[in-house]
Amino acid sequence: MKKVLLFVLMVFCFVIPLTVYAEEVNTDLSGTLEVWSSGEELGRFVEAFNKQYPNIKVNITVVPNADFVAKITPTLASGQGAPDIFTGESDYVKYLVNIGYWDDLRADPYNCEKYTDDVWDYVKSVGTDSTGAIRALSWQAAPGSIIYRRDMAKDVLGTDDPAELAKLLNSNEAMLDVAAKFKEKGIKMFASWKDIMNMQFSNRAQPWVVDGKLVIDDSMLSFMDMAKTIVENGYDLNVDPWAPEWTAAVESDDTFCYVLPTWGYQFVVKPAAKKTLGKWGLTEGPVPYVKGGTWLGIYKGSQKKDLAWAFLKFVTLDSEAQQNYAKQYGEYVSLKSADMALAEGPGEEVLAGQNLFAFYNEEMKKIPNDLMTPYDGQINNAFLSNTQAYATGALDKDAAIKQFKEDVATAYPDLIVE
Amino acid sequence: MIKAKKQRNKGYYGYLFIMPFFIIFAVFELYPIAYTFYLSFHKWDGLMPSTYTGLNNFNRLIHDKIFFLTIKNTFRIWICNFIPQMLVAMILSALFTFNKIRGMSFFRAVYYLPNLITAASVGLLFNLLFNGDKSVINHILIALGVKGAPFNFFQNKVFVSGLVSYIQWWMWFGYTTIIVMAGITTIDSSVYDAALVDGATKFQTYRYITLPLIRKTIIYLTITSIIGGMQLFDVPATMTNGSGDPMKSVLTTSMYIYNQGFKSHNYGYASMVSVGLFLIIAVLSIFALQTMQKKESEND
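So the protein lines, in turn, are chains A and B.
Add 16 to a position in the first sequence, counting from 1, and you land on the number used in this note's numbering.
Add 681 to a position in the second sequence, counting from 1, and you land on the number used in this note's numbering.
Treat the hints loosely; a few may be bogus.
Computed Cβ-Cβ distance ranges for the label pairs, DEER-style [to be verified]:
no.: 1; chain 1: B; residue 1: F968; chain 2: A; residue 2: N396; range: 36 to 44 Å
no.: 2; chain 1: A; residue 1: A359; chain 2: B; residue 2: Y847; range: 27 to 35 Å
no.: 3; chain 1: B; residue 1: F706; chain 2: A; residue 2: T43; range: 51 to 59 Å
no.: 4; chain 1: B; residue 1: T717; chain 2: A; residue 2: Q96; range: 15 to 23 Å
no.: 5; chain 1: B; residue 1: P730; chain 2: A; residue 2: T43; range: 39 to 47 Å
no.: 6; chain 1: B; residue 1: Y716; chain 2: A; residue 2: D134; range: 33 to 41 Å
no.: 7; chain 1: A; residue 1: K229; chain 2: B; residue 2: R896; range: 54 to 62 Å
no.: 8; chain 1: B; residue 1: V817; chain 2: A; residue 2: G294; range: 30 to 38 Å
no.: 9; chain 1: B; residue 1: V839; chain 2: A; residue 2: N396; range: 25 to 33 Å
no.: 10; chain 1: A; residue 1: D430; chain 2: B; residue 2: F706; range: 35 to 43 Å
no.: 11; chain 1: A; residue 1: D430; chain 2: B; residue 2: L810; range: 54 to 62 Å
no.: 12; chain 1: A; residue 1: A221; chain 2: B; residue 2: P831; range: 35 to 43 Å
no.: 13; chain 1: B; residue 1: L810; chain 2: A; residue 2: T43; range: 51 to 59 Å
Covered stretches of chain A (chain B as the covering partner; in silico rule of three or more C-beta atoms under 8 Å from a C-beta of chain B) [stated by the list, open to error]:
no.: 14; segment: 85-91
no.: 15; segment: 123-137
no.: 16; segment: 249-258
no.: 17; segment: 392-400
no.: 18; segment: 425-433
Pairs of lysine-lysine, BS3-like flavour, derived with a Cα cap of 30 Å [stated by the list, open to error]:
no.: 19; chain 1: A; residue 1: K352; chain 2: A; residue 2: K329
no.: 20; chain 1: A; residue 1: K130; chain 2: A; residue 2: K381
no.: 21; chain 1: B; residue 1: K753; chain 2: A; residue 2: K295
no.: 22; chain 1: A; residue 1: K130; chain 2: A; residue 2: K244
no.: 23; chain 1: A; residue 1: K295; chain 2: A; residue 2: K87
no.: 24; chain 1: A; residue 1: K413; chain 2: B; residue 2: K724
no.: 25; chain 1: A; residue 1: K418; chain 2: B; residue 2: K753
no.: 26; chain 1: B; residue 1: K944; chain 2: A; residue 2: K316
no.: 27; chain 1: B; residue 1: K724; chain 2: A; residue 2: K244
no.: 28; chain 1: B; residue 1: K828; chain 2: A; residue 2: K229
no.: 29; chain 1: A; residue 1: K382; chain 2: A; residue 2: K244
No lab work stands behind these hints: they were computed from the structure.
The beta-carbon is built from N, C-alpha and C at its ideal position, and this holds for glycine as well.
In isolation and in its complexed conformation, chain A is listed as follows (with noise of 0.2 Å):
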């Protein structure tokens, strides 16, 4: 009996601080929001945001991530039908947070700054825009990892050890030695080379435009030269990302690893690994990266901007939302306090326990300055592109930098190409 007045003391413990902080709350807000998003994630949220919120009703339509500028653009532009809350994915948001079709959160009557200290700077820096405004935030962020096949691992390299692989992995030229050893036991080290460039994205000294004009990183241009002996040498799948090939080699026994960060584990190898639960590793590669992620922002001429507020703040900024969602999905989240928090938690079974919370918590504390711009995601897709093409020798490195100047300038012909 004494034991269990003791529990419930316990509890109201708990509960009565909890309390105590969910009162600035208004949760008799009530109406319909509706939000526009690129994938079906955000959904998640929905059906805790109604226990905190029962008389809100979100709303969320998802547009396919390819469609998705296509579909806002004329939408604001003619302001008919827009949604209260729309997001933005990595390849475009700069573009997004850029247009001032988002409303300063730090302005009244959201005020974001009292809560964002415990944002990671990244993703703050994203979605801040070059006056300074705050436009827009993320439940997410995507610091990078090598996902790795311990099995494989431990085969070939002796070791299947986070630690001793990055000591293995730490340059270009490393992971290429290594890819030859995988080779000889006939194993494929990538799934696909245009991985990589998640990776060489971040190892740039500086983003792809700086004041309106192409600025060709010398990192990009030894990334070349890595897909090409990727490509002659067969150490990939030679198929591009999210081929239905590229994602069976989760369960294959002859794909080493995917450089993908935090959503390759969530999206890629945790839904499909079955027989190869356990045989799974995060490391990090030559260079600690970040790449994706969506971010959500409020119509400025919306008018239900207290709901909008009410749910971008569960989404974006409370801790306790946060973790809850990422302990079910295994999604690593945009708040400081929530991921700490995870990275004490149990491991992964996927991971064979490793917490991919501590893990992922070292890398951000390493990633670059934030080098994305508007134009990034047709930039990057040209230069996949003639990067294919001389990997593959259709056409030799000069001509495929120039054709990808090219290609830049047909895109933006606003942009000065030297």
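Could you slot chain B onto chain A? The hints should help.
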């Protein structure tokens, strides 16, 4: 006097009845077309107010290598599918109309089936069949012990372009066959009877009676095929993830317009490319019409 008034009143009803078409046409066709022309002389990112730039977009268009490349690509894909499509439709319709073939309606339905599948899924389907070392086709080729397999199909410009033409052919020859057959059935059977009496062979009948009499149908098919074919988008776009690679070999003009407008936010220039495509389609259509009608008058 009274009679004339009554007649005029009846005329009003006529206008009333055809009005819905013209209203819908004006709102959903005419206005967008006019607006595209208007935009083609402007610079617009889709959000900010557009600014008039005179002939800037036009100058860019006539010097745009990619634009002419996409026209060439689209035309090549179209002609490589149109000629075989017509030939096959002619042969099949001749077989079907002049012979009693068992299960003819079954075959006709089967040939038409690919046309019912969404073009986008067809593009993806063929991507799955051919893309990658472990793709279905490569698996089969390896199992058969073909030398050099697995092949890198999607790195081969000629192959990818040919594949798109093939898909277009496969999707459309059934439709063309049915239209040609419909044209043939409108021919008065007494003409054939007369030919039979005169001792014409089957081939002669087809060459000298059927073909000239279905010329209108063929003109119709050619013009609609030019218009549809030059606007080709879905199959190459889904097959190559919108890139038109390798090396832009299947980048069609419509894909280019899409990329310029919705990906790079150059709506003004995208409109100018649309206008360019419009003019090219118009020229091609008039050219086709002229040649075919000229032939018709020569025959007469």
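To see whether the hints hold, each was checked on the structure:
1. B:F968 <-> A:N396: 36 to 44 Å: The hinted range 36 to 44 Å holds for B:F968 and A:N396, with Cβ atoms some 41 Å apart.
2. A:A359 <-> B:Y847: 27 to 35 Å: violated, 54 Å
3. B:F706 <-> A:T43: 51 to 59 Å: For B:F706 and A:T43 the Cβ distance comes to about 52 Å; the hint holds.
4. B:T717 <-> A:Q96: 15 to 23 Å: About 20 Å separates the Cβ atoms of B:T717 and A:Q96, which means 15 to 23 Å holds.
5. B:P730 <-> A:T43: 39 to 47 Å: holds, 42 Å
6. B:Y716 <-> A:D134: 33 to 41 Å: violated, 48 Å
7. A:K229 <-> B:R896: 54 to 62 Å: holds, 58 Å
8. B:V817 <-> A:G294: 30 to 38 Å: holds, 31 Å
9. B:V839 <-> A:N396: 25 to 33 Å: This hint holds: roughly 27 Å between Cβ atoms.
10. A:D430 <-> B:F706: 35 to 43 Å: holds, 37 Å
11. A:D430 <-> B:L810: 54 to 62 Å: violated, 41 Å
12. A:A221 <-> B:P831: 35 to 43 Å: This hint holds: roughly 39 Å between Cβ atoms.
13. B:L810 <-> A:T43: 51 to 59 Å: holds, 54 Å
14. 85-91: Contact hint for the segment 85-91 of chain A vs chain B: holds, 4 residues under 8 Å.
15. 123-137: Contact hint for the segment 123-137 of chain A vs chain B: violated, 0 residues under 8 Å.
16. 249-258: holds (count 4)
17. 392-400: Held - the segment 392-400 of chain A has 3 residues with a Cβ nearer than 8 Å to chain B, which meets the minimum of three.
18. 425-433: Result for this restraint: holds, n = 4.
19. A:K352 <-> A:K329: holds, 15 Å
20. A:K130 <-> A:K381: Since the Cα atoms of A:K130 and A:K381 sit roughly 22 Å apart, the hinted pair holds (cutoff 30 Å).
21. B:K753 <-> A:K295: violated, 51 Å
22. A:K130 <-> A:K244: Not satisfied, since the Cα-Cα distance of roughly 49 Å exceeds 30 Å.
23. A:K295 <-> A:K87: violated, 41 Å
24. A:K413 <-> B:K724: violated, 34 Å
25. A:K418 <-> B:K753: holds, 22 Å
26. B:K944 <-> A:K316: holds, 23 Å
27. B:K724 <-> A:K244: Roughly 39 Å separates the two Cα atoms, so the pair is violated.
28. B:K828 <-> A:K229: violated, 48 Å
29. A:K382 <-> A:K244: holds, 28 Å
Consistency with the previously given hints fails for numbers 2, 6, 11, 15, 21, 22, 23, 24, 27, 28, ordered from lowest to highest.
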